[in-house]
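Number of protein chains: 2
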Amino acid sequence: MNIVLLSGGSGKRLWPLSNDIRSKQFIKIFKNLDGSYESMVQRVYRQIKNMDADAVITIATSKTQVSAIHNQLGEEVGISVEPCRRDTFPAIALAASYLHDVKGIQEHEAIVVCPVDPYVNEDYFQAVQELSHQAETGQANLVLMGIEPTYPSEKYGYIIPTDNQSFSKVETFKEKPDRKTAETYIRQGALWNSGVFAFQLKYLLDKSHELMDYVNYQDLFERYESLPRISFDYAVAEKEKNIQAMRFQGQWKDLGTWNTLSEAMEEPAIGKVIMDESCENVHVVNEMDVPVLAMGLKDIVIGASSEGILISDKAQSSFIKPYVDSISQQIMFAEKSWGLYKVIDVAEDALTVKITLNPGEQMNYHSHKNRDEVWVVINGTGRTIVEGAERRVKSGDVILMQAEDRHTIMADSVLTLIEIQLGAEISTQDKQKFKLEGEE
Amino acid sequence: MNIVLLSGGSGKRLWPLSNDIRSKQFIKIFKNLDGSYESMVQRVYRQIKNMDADAVITIATSKTQVSAIHNQLGEEVGISVEPCRRDTFPAIALAASYLHDVKGIQEHEAIVVCPVDPYVNEDYFQAVQELSHQAETGQANLVLMGIEPTYPSEKYGYIIPTDNQSFSKVETFKEKPDRKTAETYIRQGALWNSGVFAFQLKYLLDKSHELMDYVNYQDLFERYESLPRISFDYAVAEKEKNIQAMRFQGQWKDLGTWNTLSEAMEEPAIGKVIMDESCENVHVVNEMDVPVLAMGLKDIVIGASSEGILISDKAQSSFIKPYVDSISQQIMFAEKSWGLYKVIDVAEDALTVKITLNPGEQMNYHSHKNRDEVWVVINGTGRTIVEGAERRVKSGDVILMQAEDRHTIMADSVLTLIEIQLGAEISTQDKQKFKLEGEE
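If you read the protein sequences in the order shown, they are chains A and B. According to the working numbering, the first sequence holds residues 122 to 561 in order. According to the working numbering, the second sequence holds residues 122 to 561 in order.
What the hints contain is simulated information worked out from the structure, not anything from laboratory work. Keep in mind that this is a model prediction, so the values were computed, not measured. There could be a bad hint or two in this list.
Intra- or inter-copy, both count: the list cannot distinguish identical chains.
Below, computed lysine to aspartate or glutamate pairings styled on EDC-like, alpha-carbon distance capped at 20 Å [said to hold, decoys possible]: (1) 515 to 546; (2) 442 to 397; (3) 463 to 410; (4) 552 to 299; (5) 556 to 482; (6) 393 to 446; (7) 556 to 525; (8) 393 to 469; (9) 295 to 446; (10) 457 to 159; (11) 184 to 558; (12) 133 to 397; (13) 419 to 397; (14) 515 to 469; (15) 133 to 384.
Please build the complete structure, drawing on both the sequences and the hints.
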C-alpha cells in the first residue's frame, strides 16, 4: 500500500504545547506500554506499519516540520517537502509526482491520502487498505472513506451517497451544515468526510498536468511558489462524477482541541503534576521542570510549556484560537534536526537558551550579523569549530563567538550547552549558513 | 508609639509565590495608586507611618528575612534579628531588650506587639494607638486588641471579657473552638484574639529576667539558641491576672490562604494574564515571564512562579499545606541583600541562575568547595574580584571561577548576569565567606 500522510497545521488550538514550529501532531501525549510517550504522527506511523510492514509511507509537509518528522520517525520515512504552503491540491500533486518520479511507483498503483492526526484503532487502517484495493479495481476514479456519524455535528463536511451499501456512489458533498440540516443529512444516510481518499496514481498525475503546467517532480518543486492556492476538494473532488464512498463505523476522533485531546489521554496527568482527591475530570500536561498543583478542579484542562500556561474549562477550550493569536512572543522551544532548543531567559539585549545536541549530530556552520554568542558546555563532549579553528570541548568549557564569526558544534555524546546571545537586535532571521571544508 | 512587628512564617500556604526563603508578607500583591505593587509588610509599614510619622517600628524576625526587609522597607527600619527560631516569648523578650538597650526606649513607655500580616485599614492603627495609650496608663499589665467576630470561626482563639465595654477586664482565653462552642462564646460577648497586645516596657523586661537568665540585649542575643521554645501566650498572657481587652470592629483580615489573599486583590490579575469573558471570580498572580491563559473558570485562584504552578478552587486552597510539603526541590528564587537570584535551568551536574545586582551593591567575597562557576554579564557594568585580581566588567564579559577560587562582583549600575554552576555536588550550603582587603 502507498499512503501519503498530510502533515500540516499551525499550533494555535493546542497552545502552549504546540507553537508556530511544533504542530499538534508532534506532541508526545500517548502512553506506550513501556511507559514512554508517542505523538500522533508516531502513533499513526506505527499503526500503519503494524498492519502492513511493507507500506510505502510518504509524509507531505512543509520545510519547518522536516526535522521533527525525522526525529520522531527516523531517517527512513519518505518526505515530500512543500517549499511553501499552497493548500492541499498542489501538496498532493507534488507528493504524487514524488512517488512516481523519485520513488518509481507505477501509474496503475493506488495511493491513499490520509490526514496525519486522526485518533483511531487498527480497524481504521484495515479500512484504509480496503479503500486502496477498491481504487486499484478502477471502478471509480476516487474512493472516499466516510465515517458513520454518531451525532449531528456542525464541525464536519458530509458525503451524501446514493445508497446504504458499504461502497456507494457519491451523489454530492455538503459543507459544514447547521445542526438541523445535519440531522436531515444523517436521516438520508450521509457520512462525515474523513479527509481520507484513494485513487490510481495515473488519475492524479493526469489531473495535475491538466491543471498545472510542469514537466516532472523537480520542475513542479521549483515552480511551487507560483502555483495557485487551491484545495483538493475544490480542484478535484467536487468536479469528479465517478466517486465512491466507503462506510467506516469504527473509532475515529479528530484531536483538534484540548477537549478531544484530553479524552484520548490514557491517564490524567503527564509530567510533574500533583492533583488532590477532589479533582474530577481534570487533565494536565506539564512540560515545565517545576510542578503543577491542581486542587478542587472539575472538567478542566491544564497545559504548561516554555510558551506559557493554559487553564481552561474543557468545553471552553475549543474557543482558544483568538486568545492565542493575541499573544506575541518569540518561539520558546523547537525540535531541531540536531536536538532541542529551549529559551530559558529573555532579557533586554540578551537571550539565554538551553541547547541539547543528540549524539553524532551537529549544527550548521553559521554566523550572525548582529549578535555575539557565548557557549558554556554543561554536559557531554564534542568539538567546536569557530572561524575554522577546531577544538575538543567538554563540560565547563566556554566558547566565545563575536558577531560574524562562523561557528558550529558537533556532539560525540548527548551534549548540553547554555547559549547566551548578546546584542540589540537578536532575531532568528539573523543567520548565514556556510559550508565546512570538505562539505558538499 | 513603639511598635514591634512580628515577621515569621514559612511559605507553605501561599505556594508557589512564597517559598522557604520568601514568606507571604513579602509577596507584592497590593496595587498602589501609581500602578506599582506593595507587599503586606510594605502596606502595614506605610499605614503605621501615615498615622504616626514618628512611630518607632522594629521588626522582630529571623536572619533569613533581613535582606528582604531592607530591600522592601529601606535601611532605616529597626530589625531585632533572632539568631534562630525560639517561638514568640524569646522573640518578644529579645525585641524588648533591643528597644531598651540599643534604642534607649524608657521603661515606662508602652510597646505594641503586632503581627506583620493583617490586612487592615487606617482605623486599625488608630486602635493600635489607643491600645498603646491604654498601656501607658498602667491600668492593666497587658492590653489586648480583640476583634468583634463576624461569624463563629474555628480558626481563631477567643478572648472572654467580663463585660461589653470598649475596654474590659479579660476573664479567660479559649483556644480554637468547634463551631458550636464558638457560637456560645460569641453569645457571651467573646472576641477573636488578633495577636495584637501592648504593655509597658518595664513589665516585659521584668517578666523576661524572671523567666530567663541574662544580663542585657547582647547577652540575650548570644544565649538565644539555648532559650526554651515557648509562646508569649503560654509564658505570659495565660498567667497574667491583670489584663484588659479592647474591642475593634473595623476591617481585619488574616491573609493566610490563597482564598483570603485573592479577596484583598484590587484587580483579578497580576502579571502576564489573559482571561476570557466567561471567567467568574478568578484571581491570577503570574510571576513567570510567559503568559497564563484562563478560559471558562469559576471560583479559581492561579499562582505561577519559578517554584511551580498552583491552580485551585478557592475554598479548596486552604488545604494546600500537605501537598506543598510533598514537593521537594531546591529554592528557585530568592530576594538577596544585593538583588535577585532566580534559577532558570536545572540539569545534571549543572545549575543556571539569573542574578540581578542593584546599583552599588555587591556579593560577599566567597568561594565554593565543590563547584566551578562561569559568569556571563548580560547587562550593566561593575567590577569583579577573583582571587584578589580586580577587573572592570560589562555586558558580554565572561568570568571563570574554579572551585576554591574566592570571588565577588560589585555593580555600578543595575547589573545582570547568567551564572552557570558546574559540579556533581551543587548545594547552597557549599559557601565559605572571606573578608576583602580593607574590610572589617
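Verification of the hints:
1. Taking the shortest Cα distances, residue 515 and residue 546 sit within 20 Å of each other only across copies (18 Å), while inside one copy they are farther apart (30 Å).
2. For a Cα distance limit of 20 Å, the shortest separation of residue 442 from residue 397 across copies, 12 Å, qualifies, whereas the shortest one inside one copy, 30 Å, does not.
3. For the homomeric pair residue 463 and residue 410, the shortest alpha-carbon distances inside one copy (12 Å) and between copies (14 Å) are both at most 20 Å.
4. In this assembly of identical chains, residue 552 and residue 299 lie within 20 Å of each other by CA distance neither inside one copy nor across copies; the values are 49 Å within and 69 Å between.
5. Taking identical chains as interchangeable, the C-alpha atoms of residue 556 and residue 482 lie at most 20 Å apart only when both belong to the same chain, with a minimum of 16 Å there against 47 Å between chains.
6. In this assembly of identical chains, the alpha carbons of residue 393 and residue 446 lie at most 20 Å apart only when taken from different copies (15 Å versus 28 Å within one copy).
7. In this assembly of identical chains, residue 556 and residue 525 lie within 20 Å of each other by CA distance solely inside one copy; the values are 15 Å within and 43 Å between copies.
8. Taking the shortest alpha-carbon separations for residue 393 and residue 469, only the inter-copy value of 17 Å comes in at or below 20 Å, while the best intra-copy value is 31 Å.
9. For the homomeric pair residue 295 and residue 446, neither the shortest alpha-carbon distance inside one copy (29 Å) nor that between copies (57 Å) is at most 20 Å.
10. Proximity of residue 457 to residue 159 under the C-alpha cut-off of 20 Å is restricted to the intra-copy arrangement: shortest distance 17 Å within a copy versus 43 Å between copies.
11. Taking the shortest alpha-carbon separations for residue 184 and residue 558, neither the intra-copy value of 26 Å nor the inter-copy value of 60 Å comes in at or below 20 Å.
12. In this assembly of identical chains, residue 133 and residue 397 lie within 20 Å of each other by CA distance solely across copies; the values are 16 Å between and 30 Å within a copy.
13. Both within a single protomer and between protomers do residue 419 and residue 397 lie at most 20 Å apart by alpha-carbon distance, with minima of 11 Å and 18 Å respectively.
14. Taking CA atoms no more than 20 Å apart as the test, residue 515 paired with residue 469 passes between copies only; the shortest distance there is 14 Å, against 29 Å inside one copy.
15. For the identical chains of this complex, residue 133 and residue 384 are intra-copy neighbours only, at 19 Å inside a copy versus 33 Å across copies, given an alpha-carbon limit of 20 Å.
Checked against the numbered hints listed earlier, the structure breaks hints 4, 9, 11; every other hint is satisfied.
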